[in-house]
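One letter stands for each residue in the lines below.
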Amino acid sequence: MTKILVIAEHLGGKLNGSTARAVSAAAAVKPDAIDVIVLSDAPDAVAAEAAKIDGVSKVLTVARAENAQSLAAVYAPQIVKAAAGYTHVFAPSTTFGKDLAPRVAALLGVSQVSDVMTVEDPHTFKRPIYAGNAIVTVEVDASSIVVATIRTASWPAAASNGSAPIEAISVDAALPSHTRFVELQQGKSDRPDLQGAPKVVSGGRGVGSKENFEIIYKFADKIGAAVGASRAAVDAGYVPNEMQVGQTGKIIAPELYIAVGISGAIQHLTGIKDAGTIVAINKDGEAPIFEIADIGLVGDLFKILPDLEASLG
Amino acid sequence: MKILVGYKRVVDYNVRIQVKPDGTGVVTDGVKLSANPFDDIALEEALRLREKGVADEVVVVGIGPADLTAHLRNGLAMGANRAIHVQTADAVSPLTAARTLLKLVEKEQPGLVILGKQAIDDDANQTGQMLAALWDRPQATFAGKVEIADGKAKVTREVDAGLEVIEADLPAVITTDLRLNEPRFIKLPDIMKAKSKPIDVIELGSLGVETADHIKTTHYAAPPKRSKGVMVKDAAELVAALKQKGLL
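Protein chains in written order, with the numbering used here: chain A, 1 to 313; chain B, 1001 to 1248.
Don't read these hints as lab results, they were simulated from the structure. This structure is a prediction, so every number in the text was calculated from the model and none was measured.
Examples of chain A residues toward chain B, derived with CB under 7 Å: (1) S114; (2) I135; (3) S144; (4) H178; (5) V182; (6) I292; (7) S311.
Positions of the beta carbon are idealized from the N, C-alpha and C atoms, including for glycine.
Construct all of the structure, not just a fragment, from the sequences and the given hints.
In structure tokens form, the structure reads like this:
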């Protein structure tokens, strides 16, 4: 029997969209069951959302005060206990899953398959190495539990038409107190979430300053897009780190990606390779971004963006 | 306090990786090798903590073949006090690396272990978390800022939602993100000085580490290429092209 346990990612009482993508990858294994586990101090709302994801057999909740924040050192021993009887444990390859899953894998005594792009069979997967410049096929021992993180940009979010049962469980695990949450500093934004948005507009070094970035926000709002940035723009202090798109930032796969004033360093291109349509706007016609763009426009972004807004009416 | 720093050697980040035509690996012959950039950041952070008086000794650790010694000399030239070379000719999985580091941690008793969040060759992003799990100690991954005081580390982590601050009792494992610091350059006199710093060589086989080989890589392929697109001449043409694709 193939049974997959998917670790739900959530924040502020809301399920993160990455969970439904991890469920898609789980479904590709064609298992006998996909159960989602929600660890929280108050899991009900998140569990209700997870129960709707198509393909989910059951949602398990572990309600404990210690689970109020997603600390890997606290979550991992509970996941290990809950994983008994499962053949696979999947987590999204977000900073949440990347932090937690290896800790789980080590406690289970296995290596982890990081960033699963495709499922070939229940023990064979493809994943990127060298910043996506090579794709490897890896085989996990048939006798080992498979712990994997799922490269969210490679998987669509499973739809939400289901109604899986929700079951509260208790796990007998001693939890450490050596790691404590202090605070989360979040940029407040009404814009769509960068990781799940169908349209993304990103700015790079060519935007020139924090103040100039307003022109990116304004255009993004006009077309209902999320806003991202290159590493150069983040390092220059134009925007906060959570907006970084690329190998070491967020790896995204929107239907439309518009790169504005971004030259296209390999680290950035790694983060957008799976986008549906890539548009590049840059004053340098030789910029590498044009090598992978579906549509390119050479010119001054400070003229082009207002023109685009005007053309949209 | 002693700080242990993982110092892996990888294909230099500027090298364009080529997959071998027969799919058995990537071309590494004659390719420039350098320190994993995240490990340079880890070493830099350890050196700064020593310069602030928080730590008194920085030890760089490498796991790899006999010629890794030259690479570890770079870590010594950058400023580490000494190096440990765990020698093995075999490829090492993240779990094997974590188990190996645990053996060294038990011997060296560091107050802090700083590792890169991932190596830019296998992009696994596992070893630090695994070491922390096996050691049963805190982990602070993706660190953008580290403050050490009163036996605790206050670490600002770069997470998808923003910046998360956690507090961890020492000893602990920290993994570095890109913005933690800018590593110093190695100067010629430091290279000379490094020649007299000690490197302990230990055979991996002598540490009693159970190697973890649950995962086998069976094939390497080049990624699918995006085909070159079209150029438009102005904003109106761009809007028309996007409308035609149903994207606006």
